[in-house]
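Model the full assembly from the supplied sequences, consistent with the hints where possible.
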Amino acid sequence: MSAAGRAACLVGVGETRYTKWGGITDASEYQLAVQAVLAAIADAGMTPDDVDGLASFAEDRNDATFMAADLGLPELRYASLSWLPGGGGACAAVANAAMAVESGAAETVVVYRSLCQGQFRRFGQGPGNVPARVGPRRVPHVRRATSLLEAHVGFTMPFGMFSPPIAYAMVLRRHMHRFGTTEEHMGHVAVATRAHAARNPRAVMGGRPMTMEDYRASRLVSEPFRLFDCCLENDGACAVVVTTAERGADTAKGPVAVLGSAQGAPHGFGHGQYSNVGMPDDDYASAGARGVAARLWARAGIAPADVDVAQIYDHFTGLVLLSLEDFGFCERGEGGPLAASGALAWPHGAMPTNTHGGSLSEAYIHGLNHVVEGVRQLRGESTCQVDGAETCLVTSAAGVPTSALVLGRR
Amino acid sequence: MTLRWFPDEMPMPAASAETMGWWEAAADHRLVVQTCTECGTTRHPPGPLCPHCRSSAWQWRQVPGTGKVYTYTVVHQAFIASLSDRLPYVVAAVELDDAGGARLVSNLVDVEPAAVTVDMAVEVVWEDMGPELAVPRFRPIPGAAPGPRR
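For the protein sequence lines, the chains are P and V, in the order given.
Everything in the first sequence is counted per my numbering, starting at 224 for the first residue and increasing by one.
Everything in the second sequence is counted per my numbering, starting at 244 for the first residue and increasing by one.
Hints were generated in silico from the structure; no laboratory data involved.
One thing to keep in mind: the hints can contain errors.
[Unchecked claim] Examples of chain V residues lying across from chain P (beta carbon under 8 Å, computed):
1) H319
2) A336
3) S349
All residues carry an ideal CB built from backbone N, CA and C; glycine is no exception.
Right, here's the structure in full:
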């Protein structure tokens, strides 16, 4: 097969039902992962007999090895897990699958994520959260860490920085101090995203319209973040099928091309601001994605102005503003005013963003659902369809090592 | 302090081979920063190599324990149930004086959360959790004008 014939494309997407935290009790997280993978394969017009690779990203509990056996794959030829943590690896997992099919290591790879926060820990109850008085010793003491991350959060957990909203609220406070970003700027992200969810029958918050007054009235979590600045905690799974252009040409709904991808983190970034507050100020008050963005645009051969629609990782409203800056849609410090201009809102905004409702209002599947929505936009299937969309930016996380894709119709 | 600032259910630190010495110094009320003995670069959290010159030679350097608030948040949600009667509390990143720009995550005590500002001058106050563990928290320096100190 020629190099062009092996170019990676996305040919299937699928998901389970999405519910609030604890809403799914009749299927395990792993069973949901299997359901989502089967749905994506069916969407491509394929069967598991066509699949020879599986990919996911850090913190996945649902091993590809067991998945391959349970799906009855004829042979597993590729299995990978991106190191990028906390949602930063969703686009990277797709990119790794794309590299596998382009190299010839595999023909068809399914990327998946399942996240049942009702069946496992909720965030804020993470590593290092061991009460002082458990274990054989009766006096408070320093334990031996069982992982590098646990040792790092040993410098945050005892001070009550348990959870991502606390860590990233501090990032936004710094950004506000430097650039004058406001809570109302963040509110524009929350309100626009909720309006998109209202049109999406899959969205957890589909029946819950929100005004700026509702946003302002929501309770404080960790200043400046309110409840509606924070993404959902929910149950659900989704998956994406990656194959070669040659194979993709005769799939059920046609191929969506991967025009470019990039992943990584700046010098000294570590796990990001969640465990590192000592990085340079320009990186601290940012999404940490400027290097990823520069490489992404170079590889895709397009500029930010060429993007028709975007799915930008929204674990917190404020981090969307910082991603808009890092990916070059505005200058540093101008993310808030850009959101306030209405640019993100479908249908009239300059670049409708998170047209499925994002992690704030559709579902929090560590951002793999943003890739699913990118595919739907380029097929013309979105519930907030951008007319004639030909290019879609998808980003994964912010404030941890990140990744991104440019998807397109060739 | 006789009254614990946080409830006993708070998580205690876990340490790696590189970070244990920091906690041992803290138990003696010494605030230290890992410092490369080859090039003098400081780093926190501690790690095995200097990211600047890649030397594995390092020492703990004691710092004065003063600094300024780099950023902060006021926490209003009890992520551990027993924290509910300690809300709200302040988590801050403190940029330490004479520490090569190193910053620590800690708490601000003896201050109204609404009075906290970026660049506020602060000093360490030690809370003994037991004979083997002390935790540094920070309070405003009495009489110090808010604003950059250097």
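To see whether the hints hold, each was checked on the structure:
Of the supplied interface hints, the one on H319 (chain V) holds, with its beta-carbon coming within about 4 Å of a beta-carbon of chain P, less than 8 Å. The closest approach between the C-beta of A336 (chain V) and any C-beta of chain P is roughly 4 Å, which is under the 8 Å cut-off, so the hint is satisfied. Satisfaction of the interface hint for S349 (chain V) is found here, the shortest Cβ-Cβ separation to chain P being roughly 5 Å, below the 8 Å cut-off.
Of the numbered hints given earlier, the model fails none.
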